[in-house]
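Q: Let's have the full structure, built from the sequences with the hints guiding it.
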Amino acid sequence: MPSFARGSIAVALFAVCIVLGCAPSAFAIPAFARKYGLPCSACHEAWPKLNVFGQTFKDNGYQLMNDRDSPIWQNPSYWPATFRITPNWHRESVSKVAVDAVNGVPGNQVERQINSHGFDLSGLDILTAGTLYNNVSFLLTPSSDNTGAFHFESAWVRFDNLLKSPWLNFKFGKFELDNVISEKRIMNLSNNSGSYQLYHFSPLYETQFANANVFGQIGDNQLGMEVSGHSHSDRTRYAASLFSSNDGNVNLPNGNSYTTYLDIDHAFDAGKLGVDRFGAFAMYGAAPTYYLTVGGSPLPGTGLGSKNFSREGVWGLLYFKKLDFTLYFQHGSDSAYFGTGTPSNVPLPPGAQAPSWNGGFVETHYTVNPQLIFIQRDEFVRMSKQPLVSLPSSLGNLDNYTFSLRWYPFMYSRAGFSIEPEYALTRQQGAAPITGTSLTSSSAFLGFDFDF
Amino acid sequence: MHNRSTSLLLSAAVVFAFSAACWAQVTQYDEEQRMNMESHIGKLTGHATAGEPLYRRFCIGCHGPIGDGEGENAQWIDPKPRNFTLGIFKCRSTPTGTLPTDEDLFDTVGRGLVNSNMPRWFPLSDQNRADLVAYVKHFSPRFAKEKPGSVLQIPPEPPVTDERVKAGQEVFRHAECWKCHGVTGRANGPSADTLTDDLNRPIKPFNFHDGTRFKCGETDRDLYRIFMTGLDSTPMPSFADNLKPEEAWDLVMYLRSLQPMNTPEKAIAKKLGLKPISPNAAPAQSETK
Chain A
1 MPSFARGSIA
11 VALFAVCIVL
21 GCAPSAFAIP
31 AFARKYGLPC
41 SACHEAWPKL
51 NVFGQTFKDN
61 GYQLMNDRDS
71 PIWQNPSYWP
81 ATFRITPNWH
91 RESVSKVAVD
101 AVNGVPGNQV
111 ERQINSHGFD
121 LSGLDILTAG
131 TLYNNVSFLL
141 TPSSDNTGAF
151 HFESAWVRFD
161 NLLKSPWLNF
171 KFGKFELDNV
181 ISEKRIMNLS
191 NNSGSYQLYH
201 FSPLYETQFA
211 NANVFGQIGD
221 NQLGMEVSGH
231 SHSDRTRYAA
241 SLFSSNDGNV
251 NLPNGNSYTT
261 YLDIDHAFDA
271 GKLGVDRFGA
281 FAMYGAAPTY
291 YLTVGGSPLP
301 GTGLGSKNFS
311 REGVWGLLYF
321 KKLDFTLYFQ
331 HGSDSAYFGT
341 GTPSNVPLPP
351 GAQAPSWNGG
361 FVETHYTVNP
371 QLIFIQRDEF
381 VRMSKQPLVS
391 LPSSLGNLDN
401 YTFSLRWYPF
411 MYSRAGFSIE
421 PEYALTRQQG
431 AAPITGTSLT
441 SSSAFLGFDF
451 DF
Chain B
453 MHNRSTSLLL
463 SAAVVFAFSA
473 ACWAQVTQYD
483 EEQRMNMESH
493 IGKLTGHATA
503 GEPLYRRFCI
513 GCHGPIGDGE
523 GENAQWIDPK
533 PRNFTLGIFK
543 CRSTPTGTLP
553 TDEDLFDTVG
563 RGLVNSNMPR
573 WFPLSDQNRA
583 DLVAYVKHFS
593 PRFAKEKPGS
603 VLQIPPEPPV
613 TDERVKAGQE
623 VFRHAECWKC
633 HGVTGRANGP
643 SADTLTDDLN
653 RPIKPFNFHD
663 GTRFKCGETD
673 RDLYRIFMTG
683 LDSTPMPSFA
693 DNLKPEEAWD
703 LVMYLRSLQP
713 MNTPEKAIAK
723 KLGLKPISPN
733 AAPAQSETK
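Residue numbers (my numbering), protein chains in the order written: chain A, 1 to 452; chain B, 453 to 741.
Note that these hints are calculated values from the structure, not bench results.
Values in this document were obtained by computation on a predicted structure and should not be read as measured data.
Think of the CB as a built atom: it goes at the ideal place given N, C-alpha and C, for glycine as much as any other residue.
Accuracy of the hints is not assured; some may be wrong.
[Stated by the list, open to error] Among chain A residues calculated to face chain B with C-beta under 10 Å, some are:
hint, residue
1, R34
2, G37
3, V52
4, Q55
5, T56
6, F57
7, N75
8, R235
9, A270
10, L273
11, G274
12, L405
13, P409
14, R414
A: Quick look at the structure:
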């Protein structure tokens with residue numbers, strides 16, 4: 001079995017665990033609807049996807065700016081908490097899984113297609129969010145996987161309108177990077193569609209190594225601070241964050257390296273079509289390539305020999321009345337040390353080079369009305385440079401296709417409920433565990449997504 | 453006898469059915485006519501048909517499906533949402549009792565209403581807001597029958613002077629603003645606790661020390677417009693017939709001296725050592741209005 005393929009299976013299983021167990025860490029917060037008396041559709045195109053008004057509300061620090069934002073205006077019994085979970089039925093199919101050639105007898109292995117299906121449960125999000133005072137907001141999200149093991153998905157406090165200007169806001173804690181195309185508000189929930197591949201992508205060959213770059217994940221919430229701002233109309237916005245290269249994990253497991261993330265975007269009033277927005281982002285960071293050891297095992301927090309990685313790209317939200325397109329393009333690059341799993345205190349192997357890739361997705365929505373939305377997404381990643389020149393150029397290339405709809409039988413300002421059937425398929429070149437051929441996985445999913 | 457009764461009953465039923473059919477047709481016709489409602493804001497034309505889905509998305513929770521202000525959240529909201537079917541609006545540039553202009557409604561939607569649950573819908577596109585205005589208008593038959601009043605002409609704002617701020621305080625006294633707003637503008641005048649709106653619901657006067665924005669805007673011109681057109685459906689009357697334009701500007705300058713931010717008017721009031729008016733010293737209520 002190719003070692004990188006074995007690694008990819010581990011990564012895939014991890015991803016499945018993340019998607020199925022922890023997701024949806026998505027933000028649709030009926031507590032806000034209850035606070036302000038607005039229906040879900042006021043802020044969400046179809047929840048959890050924000051519309052232009054919801055984006056402004058978020059950018060104002062969960063404030064409508066109508067002098068009723070401070071909690072002092074709320075009935076003392078009001079509690080800004082929301083629970084979200086998704087009972088579901090799903091079928092997973094993986095085209096090539098390594099199994100023993102003779103069942104129960106370790107040794108030779110062969111590839112087999114595995115299908116599994118049944119009733120299941122997502123993780124649970126407890127979303128508490130709102131204002132502590134005028135221009136002081138917070139978000140706290142204890143989140144569990146589907147076994148009930150909790151972690152803190154988000155925990156931040158934000159100071160808004162510093163110097164009486166919307167151009168200066170400051171956030172501190174664990175937060176989602178300023179992705180207007182938010183994975184936390186992704187419309188899909190299945191194993192193969194519940195995340196954007198590019199928000200977590202690393203070259204396939206790289207994923208087999210223990211010191212692979214797992215720090216550069218745009219989709220994961222990070223621990224750090226953010227300065228952000230926007231125009232009064234919220235048409236122009238920016239955000240710059242600085243965070244530890246620990247991928248949002250507590251107790252500083254990796255070391256003393258930092259990563260920066262910057263997003264700048266601008267929206268245009270396109271008349272009868274809607275409000276269209278375009279933006280650009282860049283993430284530059286460093287992360288350790290090896291650790292001090294104790295008894296041969298890495299000592300957490302002692303990361304050394306930091307090397308760089310980067311992600312940059314552009315995105316857009318294009319509206320044509322009921323039809324809209326979410327566009328995203330990313331160029332990514334990791335240091336050759338990450339790509340080949342080489343500690344920076346030893347020489348690189350022959351033929352090593354910094355891996356890089358390009359990718360993007362187009363997510364199309366047709367919003368019939370706030371209670372019915374059709375979703376289709378095509379995502380691709382193409383390697384432009386492999387970590388070793390000897391590797392096949394297509395190794396790790398990835399394609400994903402998703403088809404789904406969300407139906408909200410009712411829409412009001414107290415709770416949210418949606419029924420979501422979906423089908424998604426992912427194919428990655430060279431990821432089969434034994435033959436190193438392409439690996440295909442698919443999900444069929446029917447979820448009852450509710451929060452209150 | 454029995455036959456006669458039957459005939460009478462049948463006749464009544466026929467008349468009732470015919471009337472009902474006519475009424476239904478009229479109602480249907482009326483509804484279709486109203487859905488043709490447009491709004492015109494500058495070069496924008498809003499259409500009620502385009503505004504309907506927007507209204508259902510954004511507004512229905514408070515203002516209700518038929519625009520009567522009885523949405524599902526109305527019971528929890530204070531002040532209550534506007535009843536659009538009456539065609540009466542607070543924020544106008546037109547005389548009291550008349551319909552607002554489309555621009556007035558457009559501005560209100562974009563600006564929101566402070567100290568209420570009505571948010572600023574400014575993030576929506578201009579076209580969306582124009583469509584919403586057309587749909588809001590379709591709720592009231594007044595918009596099909598009447599035209600908006602003539603727009604209040606606001607003369608240029610004069611320079612801020614000591615005399616004007618002082619004169620504004622005198623206007624505040626003799627126009628009896630203090631009766632509701634209090635002698636210091638803190639919404640604690642002798643009438644404050646007795647005020648009700650047109651539907652007999654308790655209503656509070658504006659506290660000039662609380663916040664920098666007013667119900668219908670935040671500029672000096674907005675403030676001028678508010679008391680010269682009044683806030684229809686509230687106890688705030690129009691002073692268009694009682695104040696001359698220069699007096700109105702004087703009043704604007706005095707009111708600015710009461711607000712919590714640092715304004716030139718506030719500095720002047722401090723320099724002059726202006727003291728709150730004394731209700732007992734207020735000469736006579738008969739001289740006002």
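Q: Now tell me if each hint is right for this structure.
A: Going down the list of hints, with the structure as the test:
no.: 1; hint: R34; result: holds, 9 Å
no.: 2; hint: G37; result: holds, 3 Å
no.: 3; hint: V52; result: holds, 5 Å
no.: 4; hint: Q55; result: holds, 7 Å
no.: 5; hint: T56; result: holds, 4 Å
no.: 6; hint: F57; result: holds, 8 Å
no.: 7; hint: N75; result: holds, 9 Å
no.: 8; hint: R235; result: holds, 8 Å
no.: 9; hint: A270; result: holds, 7 Å
no.: 10; hint: L273; result: holds, 8 Å
no.: 11; hint: G274; result: holds, 6 Å
no.: 12; hint: L405; result: violated, 18 Å
no.: 13; hint: P409; result: violated, 15 Å
no.: 14; hint: R414; result: holds, 8 Å
Checked against the numbered hints given earlier, the structure breaks hints 12, 13 and satisfies all the rest.
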